[in-house]
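If you're matching them up, the sequences are chains R and B in order.
Heads up, the first sequence is in this note's numbering, so the first residue is -14 and it goes up one at a time.
Heads up, the second sequence is in this note's numbering, so the first residue is 146 and it goes up one at a time.
Just so you know, these hints were derived from the structure itself, not from any lab.
Glycine included, C-beta positions come from ideal geometry on N, C-alpha and C.
Warning: the hint list may mix true and false statements.
Calculated pairs, DSS-like style, for lysine-lysine (alpha carbon to alpha carbon, straight line, at most 25 angstroms) [as the list claims (entries may be wrong)]:
no., chain 1, residue 1, chain 2, residue 2
1, B, K333, B, K279
2, R, K27, B, K214
3, B, K166, R, K27
4, B, K214, B, K166
To list a few chain B residues with every Cβ distance to chain R over 10 angstroms, as calculated [said to hold, decoys possible]:
no., residue
5, E157
6, T158
7, E159
8, I161
9, V176
10, E177
11, E210
12, F215
13, S217
14, S222
15, N311
16, M318
17, R325
18, D334
Some chain B residues close to chain R (C-beta under 7 angstroms, calculated; not the full set) [claimed, not checked]:
no., residue
19, Q194
20, F221
21, I328
22, R329
23, A330
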Amino acid sequence: MADCAQVRQLVSSFQDAELEPPQMQQVAYHLGTCADCGGIVKDYTDIAAALRETTPQPDLEGFTARVLTRVESLRLPLRVRLGRLLDAMVGERLTAWLALGSTAMAAAALTAVLVAPYIYRSIGQAGSGQASTPNEPQLAMAGSEAGMTSLESHFPSVAVWSEGETPVIWVLDQGP
Amino acid sequence: MRRSAIRPGADETELIERARKGDRQAFAVLVERYQRRVIGIAMAVVHNQDDAMELAQETFIRAYEHLPKFESRSSFSTWLYRIAANLAIDWRRRQGHHVVLHGEEAEAEIRKVASDTTDSFGAIARGELAESVKTALEGLTPEHRAVILLREVEGLSYDEIADVLNVPRGTVMSRLHYARNRIRAIIKDAKLE
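For reference, chain R alone in the conformation it holds in the complex:
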């Protein structure tokens, strides 16, 4: 159990209920049995009451107005004034529009990055499919149902391709 010397080191914090629970219990138990230490707690209580009684309540009338008067005469740093002026003139609306515009630009850039390879591929495929002479076999045109998987021919009058899983052999009519 705590003795008087130990309790007197703790009684101030006990008064404020700022000790750990086990210590609060020990001090409370001791104070219940020791008139001298109990007298110290009473003195602390009397001091607290006297302090509250003797501390004058401030007169707040006009305080805010005086503060604002001083605020209005403040010379703030130039960058702070410019920042506040910009906010006041333009306000939140421009901030919102700028945010929207930035988002739209970011979305457009992302779309361009993602779609560009497909566009490039399509342009490349369209260019290599063009025939140079009328007698040469034509590749399947874009949009047709025939899937030209390969074009094999050692002869200019013969072409082979596939339509789905069906191979097709094209032979130029040589005439009678």
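Please arrange chain B on chain R, whose structure you already have, making use of the hints.
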């Protein structure tokens, strides 16, 4: 651009943001909310009402100037009270010289005061006690006076006092212990005379 009117009971974050952008009406609401406590904190240190009012005004001016630097993640009230406490302590130090005890020296002083005063105040008249306490308060350093008034008059917790004065919680405990026992000792010494 015309600013929208401030709603009654407006959220503090909104008020701070608007004040940060130069909205003086928003700042006025903050002044109204915190003026009493800021004045109380200044009074706790300087113990003179006129000086406390002046220091409280200066506190709000400093706060307005440094609002752009205030980080919303910390408590606005703690930040404000800290400005008030620092201004008041600096002002008080400029008025006089006070020795602040630290470490073992302080511990010895506390033990001495505690062990010498086993008798309670007894039947001292209430008015007489109040005057004695007021006089005894003047004998404390600004740091000790601040903690006991912030605790007993403003009702701040140990953690809140530690935040405002920017000291460890243990320092608050030891300063309170010292201040109470010092006041007690002074009153008893006066009673014995």
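field: Ascending list of hint numbers which this structure does not respect
entry: 2, 3, 9, 10, 11, 16, 17, 20 and 23
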